[in-house]
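**Q** Using the sequences and the accompanying hints, generate a full structural model.
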Amino acid sequence: MDQVFEGTPKADIRLEGRKVIRGEVSNDWASRLQWKISHNGKVVGTAPARADLDYEHPGTEAGTYEIVLELWKYEGFKVKDHGKFVEISNKVNYTV
Amino acid sequence: MLHIGNAPIPTCGGLTRRSFLQVGAAGLAGLNLPDFLAMKAAGAVDESKAEVKNCIMLFLVGSPGHLDTWDLKPNAPADIRGPFKPIKTKAPGLDICEHLPLMAKLADKYSLIRSLFHTGSAVHGAGHQWMMTGHGFNNGDPHPHAGSVIARVFGQKSALPPSIILPGKVGAVGDNLGERAQTAAYLGTAYNPFFLGADPAKSDFKIANLSPQAGQTEFRINARRKLLAELDAIQQQVENASTVAHDTAYQRAFSLITAPETKKAFDLSEEKDSVRDRYGRNTFGASCLLSRRLIERGVRFVTINHFDTVFSIACWDMHADGGSLNNTVQDYERHLLPQFDQAYSALLTDLDERGLLKETVVATLSEMGRTPRINGKGGRDHYPPCWTNFLAGGNIKGGQVIGASDKNGAVPHEYPIDPPRVLATIYQGMGVDLDQVMMPGPGSRPIRLIDAEPIPELF
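Chains as they are written, first to last, in this note's numbering: chain A, 1 to 96; chain B, 1 to 459.
Note that these hints are calculated values from the structure, not bench results.
Among the hints, erroneous ones may be present.
As the list claims (entries may be wrong) - BS3-like mimics (lysine-lysine), calculated; alpha carbons at most 27 Å apart, straight line:
no., chain 1, residue 1, chain 2, residue 2
1, B, Lys264, A, Lys73
2, A, Lys73, B, Lys85
3, B, Lys85, B, Lys157
4, B, Lys358, B, Lys377
5, B, Lys397, A, Lys73
6, B, Lys202, A, Lys84
7, A, Lys10, A, Lys42
8, B, Lys157, A, Lys73
9, B, Lys88, A, Lys19
10, A, Lys84, A, Lys10
11, B, Lys397, B, Lys73
12, B, Lys377, A, Lys84
13, B, Lys263, A, Lys80
14, B, Lys105, A, Lys10
15, B, Lys358, B, Lys105
16, A, Lys36, A, Lys91
17, B, Lys105, A, Lys36
18, A, Lys73, A, Lys84
19, B, Lys88, A, Lys36
20, A, Lys10, B, Lys397
21, B, Lys169, B, Lys157
22, B, Lys169, A, Lys19
23, A, Lys84, B, Lys85
24, B, Lys202, A, Lys19
The model shown is predicted, which means the values in this text are computed figures rather than measured ones.
**A** Structure below.
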């Protein structure tokens with residue numbers, strides 16, 4: 001019996017200062033949920049997002065930070081890495 | 001009132017047909033008075049008084065690596081400790097993997113057993129035998145699945161079967177030793193688990209074993225029922241123990257097909273979207289949610305097999321072999337641990353919020369551990385000498401660590417626990433008095449549910 005993942009996951013995120021806050025994930029596949037952080041357009045890190053609803057990136061270097069929520073998508077055993085991360089939220093950004 | 005299994009047998013107000021059969025069968029098996037006295041308490045679990053009535057068994061087929069999940073060794077060499085780090089939990093001294101953050105918040109509700117071992121072969125089926133039945137019988141006569149034992153002891157209290165396995169039977173695992181660990185064995189076919197045989201996470205989810213086969217109309221079902229009743233009358237003249245088993249099995253099948261509450265029990269669309277999300281929109285999460293619905297409606301024992309095979313599917317069997325067993329630590333981090341973390345946490349919380357956790361044992365089991373040393377491809381292989389499982393709910397005290405492995409997780413260092421003790425703990429956790437309640441064994445002779453003592457520290 002192959003694994004079934006129904007629906008399209010989605011979540012809304014917003015900023016309070018530099019802290020990013022997420023709502024609950026709808027159609028949640030319950031795989032790894034993480035914040036993806038970019039600085040001036042370049043991905044500089046990810047951070048786990050499952051345990052808490054908010055996150056504040058410690059980066060202080062000047063420039064624009066963009067944050068989005070990602071969820072692991074299992075695509076099948078024969079697929080490379082068995083899947084990939086997909087973005088499931090709106091993007092937010094702030095400038096330092 | 002004499003009890004054998006779950007059937008009350010009036011001793012002064014006349015014998016029922018079934019009680020006559022059961023006593024008759026016992027008599028045929030050559031039971032003497034002491035045997036009967038020994039069986040007197042069997043089935044004497046009074047449902048109206050029982051505080052704990054149910055069990056949900058989460059069986060992690062393939063076996064998680066204990067060093068990557070619930071028994072991390074941060075001070076061991078890199079090729080033993082692996083890439084994951086431990087995190088603190090709500091229970092002091094009970095650290096678990098960083099990828100189980102939701103479980104960490106509920107650590108007061110479950111207790112880990114970190115010194116499990118079995119001495120059978122390092123194959124999946126041998127572990128299935130040990131952990132599903134409490135016995136290692138290899139190719140010999142099988143012993144009943146724990147769900148069948150409980151079905152025999154507690155009986156059926158609704159149209160639903162007392163023991164259900166979700167979403168399906170464990171199939172291909174490289175050996176066939178586990179095949180017969182999923183039956184009622186000598187308890188008789190009436191106590192076989194009911195296999196759902198469908199994926200509750202699918203939007204078109206239908207229960208294969210419940211849906212009438214093509215062309216089988218309600219008229220035909222009722223006609224068969226009438227025919228059965230007529231045959232039953234004839235059978236009463238030539239009854240024996242096997243007739244009882246068939247009778248029960250047929251009644252169960254008809255109940256399943258026709259009872260409206262059956263369909264309702266399996267209808268996950270009745271749940272709020274937020275609840276379904278909380279469990280996770282996947283096969284395991286939906287099975288956990290379904291298990292709660294089934295327990296609420298009178299099913300005594302629900303087994304959830306997390307995966308029905310180890311081949312060509314991302315599962316716990318982390319060999320990283322580059323072929324059909326190419327599961328890796330990345331699969332654990334991205335897929336398996338989060339999926340388990342979310343479903344398990346949702347299940348415990350949901351049961352607790354509904355007042356069901358105190359009457360439901362939740363047992364998370366696997367067939368063995370995985371090798372302490374990481375293999376040449378980055379995986380870990382089969383390892384029965386040491387592993388970790390855990391129990392929650394019912395009478396079981398949470399927030400504890402029972403036993404300990406050595407510094408590399410290679411052998412139990414303190415308090416070795418074998419599988420029969422885990423089964424004994426589950427039964428006692430369900431409120432069954434193991435010194436009083438017995439069941440008919442091979443040849444219908446009364447036997448204990450399990451020849452082992454429960455773990456006293458968990459009560």
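**Q** Which hint numbers doesn't this structure obey?
**A** 1, 3, 4, 5, 8, 13, 20, 22 and 24
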